[in-house]
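We have chain X; now place chain B onto it with these hints.
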Amino acid sequence: MNPKQAVDATTFEILRHRLWEINDEMGLLARRLSGSPAVYETGDFNTAILTPDGHGLFIGVHIIRQGSVLDVVVQSVLQVFGDEIADGDAFLTTDPWAGALHAQDAAVVKPIFWQDQLVAWTGVVMHELDVGGPRPGSWSVGAQDAYQECPLLPPIKLVDRGSYRKDVEAAFLRNSRTPQINALNLRAKLVAQVATGERLREIIEQYGLDVFMGVQTRIVEYVRETVRQRLRGLRDGTYSATALVDHDGTLDKFYHLQLAMTKSDDHLVFDFSGTDRQAPGPINCTYAGLLSGVMQVLLPSLCYDVPWCQKAVGECVDIISEPGTLNNALWPAATTMSTTNACQSTGDLVWQTLTRMYGISESLRSEAIALGFGGVNAGFLAGTDAAGTRFVNLFTDSVGGGGARSFGDGIDVSANLVVPSHAIPNVERIESLVPVLYLYRRQCASTSGAGRYRGGAGLEMIVVPYGVKEPMEAVFISSGCAHPSTKGAFGGLPGSIQRNLILRQADVPKLLGTGFIPTTIDEIPCSAVDVPHAKDSVQLDPADAWLNFSTGGGGFGDPLLREPAMVAADVVSGIYEVEAAATLYGVSLDDDGNVDLDETRRRRAGIRRHRIDIGRPPKVQPREARERDDQDVGIPEICLVVRSEGDEDCFACAWCSSILGPVILDVRNYMITVEHKLSSLSPLNRLTTDDRVSVLAYCCPSCGTALTSDVRVLDDDSWPPEIELRARTGR
Amino acid sequence: MLPVSRGRDGIRIGIDVGGTFTDCVVVDPIRGRYHAKAFTTPEDPALGVLDVLQRAAEMMGRSTGEILSTAASFIHGTTVGTNTLIERRGARVGLLMTKGHEETLAIGRVYQKVAGLSEREKTHVTHLSRPTPPIVHPRDVRPVSERIDSRGCVVAPLDPDAALTSVADLAGTGVEAIAICLLFSFLNPHHEQVLREAVRREFPDLYVCISSDVAPVLGEYERCVSTVLNAYIGRRVGEYLTRLERNLHALGMTCSLLVMQAHGGVTTVADIREKPLLTVDSGPAGGVLGAGYYGADAENGNIICVDVGGTSFDVGLLIDGRVEIDAAPVIAQYSYVLPKVYIKSIGAGGGSIAWLDHLGALRVGPRSAGVDPGPVSYGRGGTAPTVTDAHLVLGFLDPSFPLGGHVGLDKDAAERALAALGEQLGMTAPETASAVVAICNAQMADLVRKVTIERGLDPRRFAFFAYGGAGPMFAAFIAREIGSRVAYVAPGSGVFSALGMLTTDLVYYEEHSHLARSPFDPETATRLTSVYRDLEERVLRRFEREGIPRTAASLSRLADLRFVRQVNELEVPVSAGDLGADDVAGLEAVFVGRYERTYGAGSAYTAAGVELVKVRVVGRVDMEKPPRADPRLWHVNEAAQDTRVGEREILFPGSAVPVVAAIHSSESIRPGTVVQGPAVLQRLADTVVIPQGSSLEARDDGSLVVRWDAEVA
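These protein sequences, in sequence, are chains X and B.
Heads up, the first sequence is in this note's numbering, so the first residue is 5 and it goes up one at a time.
Heads up, the second sequence is in this note's numbering, so the first residue is 412 and it goes up one at a time.
Isolated chain X, as found in the complex (with noise of 0.2 angstroms):
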């Protein structure tokens, strides 16, 4: 019987449901079990059901990176143990080459057999703690290729026939810092699929193995169905974006990452090329880390409803990349910082790419979403105690805001939106854990990225040695710390950019013993500040402060367009300085922090001016200057649009209605240049000194309004290409 007539739309919806709750069940269980705080709290860990072929059918709900790579790990262990394959097997590998995003990542599979035919596969893999090399954590700061890094495993049995291989886990284990929670993440991962293969042996047994294959025929389907149903819905068109990594690992520049995103009917093409070659420093990541990129941000954007079906949704997709790139690295580069450097800025690329054609499309527009905290801006802090017992803590609570989104702000302290489920530990238990006092945690001012909806601030902390004789090995893992790396959209600006500060002899335990509590740096009296680069090592003395501040999110829409009294509300919270309601919104406020709405509305007209006066004039004068009505008292949900003249479709403003010109040729030919100084936009920008980077808000020359915005380094083509949409044709 041909599989797929044996199901049923009964039987598809109950084993749909099924399957789904049980590739639910298997990240639970997992998370349950694991030993790291990295899973258990962090959430950094996946699971997936997979195809007889390696392709994901089901991709688990944490982080969504390391679900996406299984596919590789499933389809490379294929490749290496062909025939060998049994049941009761399972596979381990940390090799990048192999599926792994990097060697932290430690995935195991297992394939589900039935009556000796091989009918699916699971895998989990999770993030774990160190598994060796040069720096604690295994972020090895420093090294310039794999050699450099710590040793990798290829696809090896864990598992042969039911049996537990000693000397794997022995060797696996040998390497790491962490031997002990590594070995109970390996029970966990292999417990957990064990329960899986269980439940779906239990579904064959009950509805046969042609049920089974059927509906996993079915679900790949059905989710492909969705994705092409909502594609269609959208403008055929090429999206294009520019990202950048400011530090390699080795050395402080700037490398630049590129996308080129072409939509036709039901099928999208990623075309990465232009992006810089590989690194000397450990930001590379390899094909796996490329795909996962583009993966997480595709399944819960066009996928938040349906099944997180990779196989399917990677029949709408083509991928293309230059082998030896910086996000498609060859042997042997380093990339044990991939996964927040070169996969991360993938995936924003992705993000910026579909944002800009939901909010041009009008469907799906409340997915678009300006860019939000992705990379990472962590340290670790390593050293002895005062018992003397050696200790190494990743702090994971230095995390960004989220962007904007079109019917609202971004979310203060998001952390990353691909991992959905990161949770922060409280300061009490890590304070516990290890030999350190938070003088503060808390929302960062100035970090939002202004828009008609703002970027969700940033978190910002100082943390200080307590009760040690030694000092510490403070490692930095950042990015963002010399542009911003979030992005608004549709005119919003970025967030600030994010950096680590060390205050030298400040001793602010003594200085809390005298019963006074600094709150700002200002109130902090120290020898020096000094100012690490993005990835770096330092040490830590016992009387020396560390102060670590993380980027807001992205705004969505012009500042000027905000509500006034959401901005004063904005300065009373803290979000924003006074200064900032001027300069970013145009807002005035009283003494008490009133709105003066004359003022404003004054102020606001004079930025507009003001824009059109010294901003960079269009390549291609617009086609028709029209003056808004103010009768027109609704603010657009985004201001660029795209407006039928006659037979043409053309990009227009919709604040003043004027046309700009057809679609055809990229939108920023029509726009005026306003070129914003980093440090005008955060007192906070002004701890970069690298003053190459701006950022360019492109405006509408008749009305002033920001359309769409980008940061840029100096060098760059100043005419980055945005949105070209396809005419329409049939007409």
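Do not take every clue at face value.
Said to hold, decoys possible - Counterexamples of contact, computed for chain B against chain X with all Cβ distances above 10 angstroms: (1) E513; (2) D560; (3) A582; (4) D616; (5) V918; (6) R953; (7) R1059.
Said to hold, decoys possible - Output of the computed footprint for chain B on chain X, the stretches with three or more beta carbons under 8 angstroms from beta carbons of chain B: (8) 30-44; (9) 439-445.
Hints are computed from structural coordinates only; laboratory data are not their basis.
From a predicted model like this one, the values you see are computed outputs, not experimental measurements.
Think of the CB as a built atom: it goes at the ideal place given N, C-alpha and C, for glycine as much as any other residue.
Coordinates of chain B only, in the frame set by chain X:
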């Protein structure tokens, strides 16, 4: 006053307020057991309570005053606290937190945006948000200048005057309650206590609570949430219970009003006034406890309990006779730390709507037609076919039989709605109905599996226990879906939560964070002994405050253990008295044993070491329970020879053709009666479906057992 004032002779009353109905069970040692239902009165739930009492009294042929004055105990489950939270109608709370950490509540450990959401909701990442509006407005949070470290030592001294100035300021702007949460107050509560006394002294009108009282455990976010929620609902819950108790006393009640707590015990109104949070989400606890009582002999006390209503399907667990506790409960996206009976819910029930999605696939729920407009067959304007409509079309329900307060159901309308839905799938109305019911049953079974499997448990090793208005209709099918041959239908299943409340004890507990790592040495034994003695003293003093002698209470010691660095704790019992080296050394083995039993052999990695993180003392005073078996439960019509009163055609999901099923009346059912399927047992409050290939047996405790034949299951 003793909560159990009249010993074994008095009447016991349990009243549970639900979303739609207020349920009442009265157990009279002479006349037997009575059930009554009245509509819930959301504005003042006390009206519904008095109404249902009167109905029960009428059934007994007595007055409300008569039954109240002879009541030995009166147990009440209230939703005032829960509703106050959900509807955001609580007090305006001012929060005092350690300076530098004022935004702890707002930041919500970043996790707040997904806390309590289902996997399906979490995946819509572009639409997540923090709870709106926040339970405390950011402008009502004020810093306290002080700091205590992780050993409980003072780093920065407290400045009480500045804190009082903040309180004065907050009070001046209309704040009604103050919550105080300082870092490490669970180790050193001194600063919090000083502030609480100062606030009470200077601002006697403000409701004030401190985190070291409400939840003295590690973790400032969840401790802060617990304290804030407590302050938020405190006055409303306190006033409601005080008023209700006063009204009941005025009507002649002489015993105390006891209140159901979310962790399963009952306590006094005075206690709840201090910790109203204990009542939040206490509704489902009664049913789970009742299942433990009535199902004690099944599967060694391993029980899955399900409550099937019109709109929601709740699952709870008992493992080895112990109620499974939710270690990290969440309400309205806020995670708190008071222990609570574990319940997992989905929106599935008779009201669940059947629909076709964007690709024309048949789906059921989670949207519900609710009570209003309700299913199509109610004729109240509902147009979307529901599971109840499907049950009607299949013949599970009798159209002439009253359901949910409706006289008669419109089967034709239900058929038309299902036919219209099925047309697009090429299915007839009965085929569509059959598919809808099969999908709904499967979803319910999926939730049952999830609840057990995520704990590493096998649902087939559990007894399956169903109640709630629709429980008896679904019970047999869900049981079979999860691979269980037997389904128990609880006695008084329509009011089982109220009955379950009567099976509880008076329970006080005290707990504390306490860290110790293996190997547990004699010094650990000494320290633990002293901590346990202290907790025991606190529990006993609380009993004494209620006039209960120390000797009446039985105490048990418990400890939460986990592998070092693992987050998942398991509770293990600890010996009484002075702990010796052997007692504590044995803890590790007990923990590892339980761990492997739960998660499978080989899952434990003992080299990681074990740590003890929390200690707890539970004090329990037994209360009189309703008799399990009671001949008066059966209102048997002796004249009726046969229970069979008719027959009708029923189409069971999975079958191609309808079968003739016997219709039985409950009138002549008695303990030991066996009804062979296919059959339907029509009772006053509900309908028990006995599918083909199964049989029903009535038990002497009033419960029913549906058993699948061996070859079918």
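Which of the listed hints are not met by the structure? 1 and 2
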